[in-house]
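Starting from the structure of chain Y, add chains S and Z where the hints point.
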Amino acid sequence: MSPKLKRSLICWGLLSPIVVVILFPYLTMLSTALTAKSEIFVFEKSWFPKVPTFENFAMVWTERGFGRALANSLYISIGATLLSVIVAIPAAYAMSRLHFKGRNAYRIYLLITQMISPIVLIIGLFRLFAFLGMVNSMNALIAAQSAFFMAFAIWMTASYFDTVPKELEEAAWLDGAGKFTAFMRVFLPLCLPGIAVTALFTFINSWNEYALALTLLRDNANHTVPVAIAFLTGTLYEIEWNLIMAATFMATIPVAIIFASIQRYLIRGLSLGGVK
Amino acid sequence: MRSIGKFSPYLLIAPSFFLSVFVIGYPIFDVVRMSLFKVNRFGKLQKFNGFGNFTKAFSDDVFLQTIGQTAIWTVSVVGGTVLLSIPIAMILNEDFYGRSVARTIILLPWAVSLAMTAVVWTWVVNGDFGTLNMTLNSLGLMDGNYVWLANADAAFTIVILIGILVSIPFTVTIFLGGLTSIPDTLYEAAMTDGASGWKRFRYITMPLLKPFTQIAVVLNVIYVFNSFPLIWIMTNGGPANQTDILITYVYKQAFRFGKLDKAAAGSVVMFLMLVVFTILYFYITRDKHPAAKKAKQPDGAALEDLNVSKA
Amino acid sequence: MKSRFLTACAVGALIAASAVSTVGIAYAKDTIRVRLAEYSTKTGPFFKGLAEKYNTMQDGVEVKVEHLPWPEMQQQLVTDISAGTAPDISHMATRWMAGFAKDGALAPIEGLMSDSFTQSFVPTFLDLQKQDGHTWGLPIAASARGMFINKELFAKAGISSAPKTWDETLSVAKKISALGDQIYGIGVQGHDLDTEGYWFYSLWTHGGAIIGEDGKSGFASAEAVAATDNYIRLIKEGVTQPGVTASSREDLQNLFAAGKLGMVLSGPWLNKQLSEEAPNIKYEIAAIPTKTTSATYGVTDTISVLETSQNKEEAIKFLEFAFNDENRLEFGKIEGFVPVLNSMAKEKFFTEDPNMAVFLEMSPVARFAPLVPHWEEMADALKSGLSQAYSGDMSSQDALQKAAAKMDELLAE
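Going down the list, the sequences are from chains Y, S and Z.
Numbering follows our numbering, in which position 72 of the first sequence is assigned residue number 72; successive positions increment by one, without gaps.
Numbering follows our numbering, in which position 169 of the second sequence is assigned residue number 1169; successive positions increment by one, without gaps.
Numbering follows our numbering, in which position 74 of the third sequence is assigned residue number 2074; successive positions increment by one, without gaps.
Okay, chain Y solo, but in the shape it has when bound:
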């Protein structure tokens, strides 16, 4: 047995308990999502429904407006990611490269913005956005989410900036490039992996965000995926597990695909040691 094969067996063996625990709910989701409603509450349960059905997926998609929710979630998550990254890059540059009075105070301020959960601010947030006439606006939700996600984006980007040697930019200045050109042409491209990871984190946070979306978007047509799924569980006298599982499974797939395709860059772009 080659050493790598042996190592692989050991590694997978050690990881197996956690892998099982992680995959267990996914299998449950898939199994329940493929089960017809009439077969859910029978006692002789098994992993495999007697007659697998895709009806639940179709039902969630067409009758319960899940497609609309997915589109809303995509719009909001992309918007929140863009806005967070756009405000984070200049701030991160300042935090990483420039020495100025109040830099530490700003670090602390950012940490503090993370300490308050949107849940305890629901009333105030709603009053603010209602006063501005921005309830039910997806763009308002983008701004609100970005305000909560931005601190993390700044830390991550700044600590990635820290890993890029100053000499590279300085060399570009010596070659006669302007500061901004040097930043755009030399510095930013080097930092792309870090920025991409930051964007991914923000995207996931936004994709899964519930409290703000529930508070600020009241119209059923504006619902995001987590809200739509929560609403599926909320009818009073019965809970349609088959539909909920189908919806949850569908909501997971986009993020899972993103993970699988970029996890290689994820680790490389992550450099969080300098965060605080």
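Hints listed in this document are in silico derivations from the structure and should not be mistaken for laboratory results.
Some hints here could point you the wrong way.
Cut-off 30 Å, straight-line C-alpha distance, at most; resulting in silico cross-link-like pairs (DSSO-like, lysine-lysine) [unchecked claim]:
| hint | chain 1 | residue 1 | chain 2 | residue 2 |
| --- | --- | --- | --- | --- |
| 1 | Z | Lys-2272 | Y | Lys-37 |
| 2 | S | Lys-1044 | Z | Lys-2333 |
| 3 | Y | Lys-37 | Z | Lys-2333 |
| 4 | Y | Lys-6 | S | Lys-1199 |
| 5 | Z | Lys-2048 | Y | Lys-37 |
| 6 | Y | Lys-50 | Z | Lys-2102 |
| 7 | Z | Lys-2102 | S | Lys-1056 |
| 8 | S | Lys-1044 | Y | Lys-101 |
| 9 | Z | Lys-2042 | Y | Lys-50 |
| 10 | Z | Lys-2151 | Y | Lys-37 |
| 11 | Z | Lys-2282 | Y | Lys-37 |
| 12 | Z | Lys-2156 | S | Lys-1056 |
Relative to the frame of chain Y, chains S and Z by itself:
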């Protein structure tokens, strides 16, 4: 960048600063104000109440009980997460077949929102129809159905375990970032010096991961302390408030019981607790003897290039 | 540097633009916003249909229906009222109504309703919406509770008729539990929404009351302790489903639908679920077993006009339309509740279906939860006490006394 004007750093941070002040500023003011006033169930101020709402909260047995439970919840989830994440990250940092698949699987819980995770697990642990009992029964590990959420200790253990599970992806990612930045040459040098596996872990991995551990602990404490959906959906704080934590308590006071003033006071207390924790934690884990630490490291010079050490 | 300043400006502009593009929220005066909570997935579409019909019938106003699930209802209503963006008409649980009315959120509607409209309601149900001399809403749904019996399990256990008393219930439950195969005699609820309601069945049939004659909490009266011990006896004898403190109303209903529960106390909506999910279950519905008194739990939900509405008269007109015979019959068919209109109480759909008629017959002995401002919190204290008593962590006496003390404290507020 010496030529850049005095004000430019402020211009650079301005967008982020104003965005957060714009969104969070008024709501924070609103909560603090409500905590000092008597208000009706719709948040209308009635009269100044000084610290009356705080006294009221602290004279509520359930509130005090909830503080204790919040401590158990936060310490168990964060402790469990960090203890599990370090070995997992070390394994995922090895070179083995299927590593990218393994990494993707470990990150998977992150792909689902907490609310959905809670809903799915509620179904998994359902006593009569859930897949957990079904599987344990068919494997012969158990006979008959166990109702997992009926007993407070079992229910709390389950939500804590799920809390750990969903915190692992984020934490493992942080540690993996840290581990990949430790150059192999350091370990090779230590091996030629004859350092054992444990010694390498103790004297190379641990110190170099310290800043990452610090940040993983602080961020996880903040997120877990404030984590609402898992407990809310799975147990709703029950049975008999024995799985309530501060955030679910505050939410109940505000939106079930119509006591926005007491809820606001509770929110302020929560915030102060986090501030005190963070200050204490950074104070306790600060570098007491930076010079001594450096001397202990096998290859001090190599570290100079690593930005991780500056934290 | 200039360009970075521009970036900053651009971001600012972006935020401003998002603000400007969304001012369309200001609700026009001739719009009536109606918010409903969902009993089932059909509730929302049903009321949307009503609104559409109403909008084509007249030109005065446009009715817009928003619907959401119950668990989010209270939070959204509270935030909306606090920010001044409340709808004109809102659905709510009757138990929230007292607090909402006290804090000035609801409009008294007795002056806005025509006499014929007022008189069309079953008086018991409309009276429940009154407090301090005002009518704060209309009973949009009402239910009474009964005992659902699985006839097949009864036959297997050799029992011919439904138990009339709690003592009989125990012996019947024992026989059914003895069938084995994870079959349980009777369901007892100990978790989540309406746990207190399940206890009221026992409280009232033992002669207890929620508020005693002295105006204080009746949670810890001798009758209340006996009522609690009644359930604890069932639990200790092992004739209930396991894990009472984790069993919600839905869990019990699902068990009954799966044919694993001999008896369960529930309301008319369960008929709907059974016909859809378990059409093969043979069941009947009996009165709630008694000790000293015969009783059932009557529950209504309320639909109110909000104080901030600019269009109260028009709002009532729409409600009058929603409560006409045709629409109420349709609603009854969809959701399966007890009729709240006098005319509907004689309607064949309700009287001829034995599974509905039984709830109508029990209505005269129905009791209701009190309309006091902090009822939610009192019920929560009771729920905590009950789960401690059911689990055996505390004696029923101590657990109830704790809940009663909390209730008295809240009554005094």
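### Query
Any of the earlier hints contradicted here, and which numbers?
Hints 2, 6, 8 and 12 contradicted; others consistent.
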